[in-house]
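In case you want the letters, here they are:
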Amino acid sequence: MVLSELGRGEKAKIVDLSNIDQMVKRRLLDFGIMEGIEVQLKQRMPFKGPFMLDYCGQCLGIRHQEAARIEIKRV
Amino acid sequence: MMHIALLGNPNTGKTSLFNNLTGSYEYVGNWSGVTVEKKVGALKNKTGQLIDLPGIYTLNPLSKDEGVVSNFFLHDSFDGIVNIVDASQLERNLVLTLQLLEFGKPIILGLNMTDVAKSRGIYINEQKLSAALQVPVVPIVARTGQGCNLLNEQLFSLQSKKQAPLVLDYGVALEKGIAQLIAAMPQELTEHLPPRWLALQFFEGNKNVWEHLSSFMGDDALTKIYEETKTNVQKEENADTLSQRIYRVRRTYIQAIVEQAVDQQTAGAATLTDRIDAIVTNKVFGLPIFLLCMLLLFKLTFDWLGTPLSDLLDAFFSGPLTDWLAFVLGKAGASSFIQSLVLDGIVAGVGGVLVFMPQIFILFFFISLLEDSGYMARVALVMDKIMESVGLNGKVFIPMIIGFGCNVPGIMAARTIEQPKERLLTILLTPLMSCSARLPVYALFVGAFFVEYQTIVVFSLYLLGIAMALLLAKLFSMTILKEEQSVFVIELPPYRLPQSKALFRSTWDKGKGFIKKAGTFIFGGSVIIWLLTYAGPQGLNVDMDNSFLAAIGGWVAPLLAPLGFGTWQAGAALITGFLAKEVVVSSMNIIYHVPDVDSLQGLMATEFTPLSAFTFMVFVLLYVPCLATVGTIRKETGSAKWTYFSIVYALILAYSLSFIIYQGGKLLGF
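Residue numbers (full-length UniProt numbering), protein chains in the order written: chain A, 1 to 75; chain B, 1 to 670.
Same shape as in the complex, but just chain A:
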């Protein structure tokens, strides 16, 4: 499944990041987000707007289209 299918408050392990935009991937890595780590979905904006993710207490926003390309496994 992909990250955009995750419900609010649910946690998931990231399986594959290779399909997202290179710049986004680099930025996510700056936050320490890579394959194998666990994130939580905090909030999603309406009309396929951005997603708010929590990783180790840091909160960040990414777009729906990117979230739809991140392979995850629900925890």
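The hints are simulated quantities; they were obtained by calculation from the structure and are not laboratory data.
In this text, a Cβ means the ideal position worked out from N, Cα and C, and glycines have one as well.
Heads up, some of the hints might be wrong.
In the EDC-like style, the derived pairs of lysine to aspartate or glutamate whose C-alpha atoms are separated by at most 20 Å in a straight line are [claimed, not checked]:
| hint | chain 1 | residue 1 | chain 2 | residue 2 |
| --- | --- | --- | --- | --- |
| 1 | B | 176 | B | 91 |
| 2 | A | 42 | B | 240 |
| 3 | A | 25 | B | 204 |
| 4 | B | 385 | A | 21 |
| 5 | B | 118 | A | 54 |
| 6 | B | 283 | A | 10 |
| 7 | A | 13 | B | 91 |
Facing chain A, according to a computed beta carbon distance under 10 Å, are these residues of chain B, among others [what the hints assert, rightly or not]:
| hint | residue |
| --- | --- |
| 8 | 95 |
| 9 | 205 |
| 10 | 247 |
| 11 | 251 |
| 12 | 252 |
| 13 | 271 |
| 14 | 281 |
| 15 | 286 |
| 16 | 289 |
| 17 | 382 |
| 18 | 394 |
| 19 | 487 |
| 20 | 490 |
Covered by chain B, according to a simulated footprint, are these stretches of chain A (three or more residues, beta-carbon under 8 Å) [what the hints assert, rightly or not]:
| hint | segment |
| --- | --- |
| 21 | 20–33 |
| 22 | 38–52 |
| 23 | 56–66 |
With chain A's structure known, arrange chain B on it following the hints.
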């Protein structure tokens, strides 16, 4: 004299620490990229200078402001580093620390936000951390200044310390590539910069380092080493790319350190930030809440606080101050020329603008509040969907809001936007944000024509600016700038209660530019305008309708006639407004030669109708960026073409929109 560089991740309290260590004030904000240029301050202990650099996650730059740091390492000389580290995000912050350690300059670690860390169950043993990294670690609370004295003391001994570069083992293949590259580096390069650090940054993909190396060694040699090493590393276990390998090795090293020095307990309940976010980034209420905040801001700036204060100031300028100046000038036996210059030129011109100081300072206060609290990043998130539909991303909204204060820092803040196309669009469109310099113009006109609806009329002008920016963004990204994809990733820092001291300093720092402008541009502009009204083709002290200014304004007046304000006065005011938009008000004060704002507003009622007054405000909002903004656009785009473009499109937009509003309004019977 010591030169110390201050480095750290964005949102770690770097600028607060800078203020504490230097005593001088710098701009603090709670969103990535407040420090877009390096800033220098004198250390409190008078032993040297502290250089504040943009916040970065890693030395390898992704955006323009991050490149500033790489270039600093390559081209500037410095004696040591203060690395501020967010204790609640230790692992992420140490990635940068390792790269700094690899550079091999003496370092002090300032461990900030231990309070936040403790609230999340993270306890850091500073001694163990210090021993593991082999650098001094000082716990600080940058916001309150706690621990900063200790850090200051440590700075004394920093220069005398020798720090050997940290050497990690990056695996056989990569180490071979590093050795190969170092061997190929010419001596004039390696005597200034640590070769191993250069090599690692190069293999990691740091473009600035690549360019620097290539100026010494040429691209071909570099490409050959890079490709070879890349292939060899991929043959090894894990099949890493070069940057992945480097990241993995560093990360493993960090995890070992964290295991020794950090005691992680289970975290507590939902934080305050979570609770606030549940409301302000709410699916349904997020956008309305933001709009409500903005409306409240304008209500306070105009109706509730700004205007009453501004009236008091006006009474002072036109009453006691003018009387006193007239008395002093009379006593000193000044000629009528000097008397007229001071009273009709300078007091009318400069005073007429300074009267609006309260509104401008209140506006700056709220912008500072938005920045410091952390709400700004949420606004970017809430706005992203709308911005995406016009080819931009939510982050663009941050420079735009800053642009409400002044377009110049707004355009500078565009450096934090990663995509070159989106950055250029932001630079071009930020001038459409109604800056505080346009406020005096609105205040003057709404006071004369729209007393009942002040806030609504001014708010509509701000919204018009935003609407035009979005519309043009769509247009430009569909036509002249269509090649790049828009991207968006944003950090949402925890909310922080702004410190009143920092808030007032930040407001003052922004507002003092306005006062400075009053003393320079507006003062000079007023003198020139007054002289142009005093002199004419027939000589001095002419009737104003026969003055040079009337002649100049008369040239453009016919062009402006279809917009409803085809008088030489309006034409002259608009031309001089290019210097700074407030000068429009100065000009009007001088031209109409009245003692205070009230009587000027009374007089204008005979020259303008409400419709033409509104059209005039729309024209002032859009027509050309001011001189300082044009200069900044030139500097930031590095292109004369785009600079001219920004002027021309604005003129066309202002003219056509004003035409539609005026002619349309007339048809509708206004």
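Violated hints - listed by number, lowest first: 1, 2, 12, 16
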